[in-house]
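Protein chains in written order, with numbering that gives the first Met the number 0: chain L, 0 to 275; chain A, 0 to 256.
Please note that the accuracy of each hint is not assured.
[Said to hold, decoys possible] If you want the footprint, here are the derived chain L segments under chain A, 3+ residues with CB under 8 Å:
1. 107-114
2. 230-240
3. 251-265
[Claimed, not checked] Going by beta-carbon spacing under 7 Å, a handful of chain L positions derived as facing chain A:
4. Glu64
5. Asp199
6. Leu207
7. His226
In case anyone wonders, no lab produced these hints; they're calculated from the structure.
Ideal Cβ placement from N, Cα and C applies to all residues, glycine included.
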Amino acid sequence: MTADPTPDSPADQTALDGPLLSGRGLSRTFTLPRRSPFQPGAVRHALVEADLDVGRGESVALIGESGSGKSTLVRLLLALDRPTAGTVTFDGREVRPDRASRLRWFRRRTGVVLQDPYSSLDPRMRIGDVVAEPLRLLRVPGDHRRAVAEVLDRVGLDPRDVDLWPHELSGGQRQRVALARAVVHGPDLLVGDEPMSALDVTVRAQVLALLAELRDDLGLSLLIVSHDVGLVQHLADRVAVLKDGRVVEQGATSDVLGRPQHDYTRQLIASVPTID
Amino acid sequence: MTLDVDDLTVTIDGRPVVDGVSLHLADGARLGLIGESGSGKSMTTLAVLGLLPPRAVVTGSIRLDGRELVGLSDRQMAPLRGATIAAVFQDPRTALDPVVTIGRQVAEPLRLHGRISRSEARRRAVAALAEVGLDEQVADAWPHQLSGGQRQRAVIATALIAGPAVLLADEPTTALDVTTQAEVLALFRRLVDERGASLLFVTHDLAVLAQVAEEAAVLSRGRVVESGPVARLLGSPVHPVTRGLVEATRATTWRTP
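All chains, please: the whole structure from these sequences, using the hints.
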């Protein structure tokens, strides 16, 4: 692999026409522990030749049951794991697990928010430090305190809350902090792994509205991993359905959820409780 | 059996967490109790079971077929729990003892509430597991060998094995994925209807409530703010808290296209 002379300034390589994030032919196999010293361990195909694109400004949802390969695919797309086969490109540039310094440009352009606001925030760090940490780790230039105050205001928190500890906040406030941390460094892509499943319904409605607002105001692309069909219906332009490591269905949200083709998707839609 | 809660107040460290709650669960009915975190719904459930922390102060009345439960000692309450009133809680991972096989756990209420031979306990456990759709082999399995849905079915089998007249379910499907949730909700409806038991179903999710309960009470800050048939609460909510719940549910949950 040739050395990139300017790993932190990829602007000259921006390919404006293609998708922002693209996974092509992604496979990942794991070798299970061997049961006998005389036989090799069994091979598990966690992901089989998956293709997934996230366009610029597009919101894409990845749905599928536990064990379907959702997390494996997201780890590959975020260069947290190396595919057995296939490639990931971001803005036309190949991305693969590497030293932090070589991936910094990619980390600066992506933000991640996880499921549980109770365990995703370090209880020993004040809110201001939690939110500022990506700026520090990614060596983002500029006034960090000001950036933190601005992003807290944007997610509906009081900028004076920087001195609070995570345990002093409600679940909804914590998820706002997690969102602030995910976008403080100005990413182009926000990845959410079940970002609302731990919240009360009124808080969910607020977080959903906030996600849509952040997306629109900051021009973010979204990749949401969820089995919450309601969230997907309200937020995603396009849906990919994973089953047993394969993308079995992919298309516009209204098509995939409105006229599901695959048995798994049909069963999922039929199971969702509704108040209609 | 009927369960009547009248003007129930639970105070913990001087703070009322349940504040004058009244509920009527008719014989064979399915009543929902809905509210968000901290609304007092779980404390109400624990009060009915007599499982509140020792420092909780309880006033008001909880009557099971007319028999007053408030003020009963643990020794007086114990024969009712698991036999007359049974409960299913949210997380099937923590509800099961990791070092006891499923069959022995499912049979435990029988062994606690009467003399029963080991083979008879086993036979009844296998029958209870079959009723919730689990195979006989599950009786010999350890909790970690089961999926989340299978564990919750095992917990439900445990709750039902002694034939309770009143079943309390506190967020029993919150930790499950939607397809498993749909199966477990259907199981609750069927078991309650077939056995003629009464069900108090506690949830924060209106869409789940709509699948399982006929009537419901909306709880906020320890008080019942509105109650009535579920269809009416969803269709024409009156109290701002209920309206907020319905609006938030419409804004976030699946709507049939």
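Going down the list of hints, with the structure as the test:
| no. | hint | result |
| --- | --- | --- |
| 1 | 107-114 | violated (count 0) |
| 2 | 230-240 | holds (count 3) |
| 3 | 251-265 | holds (count 3) |
| 4 | Glu64 | holds, 6 Å |
| 5 | Asp199 | holds, 4 Å |
| 6 | Leu207 | holds, 6 Å |
| 7 | His226 | holds, 6 Å |
Consistency with the previously given hints fails for number 1 only.
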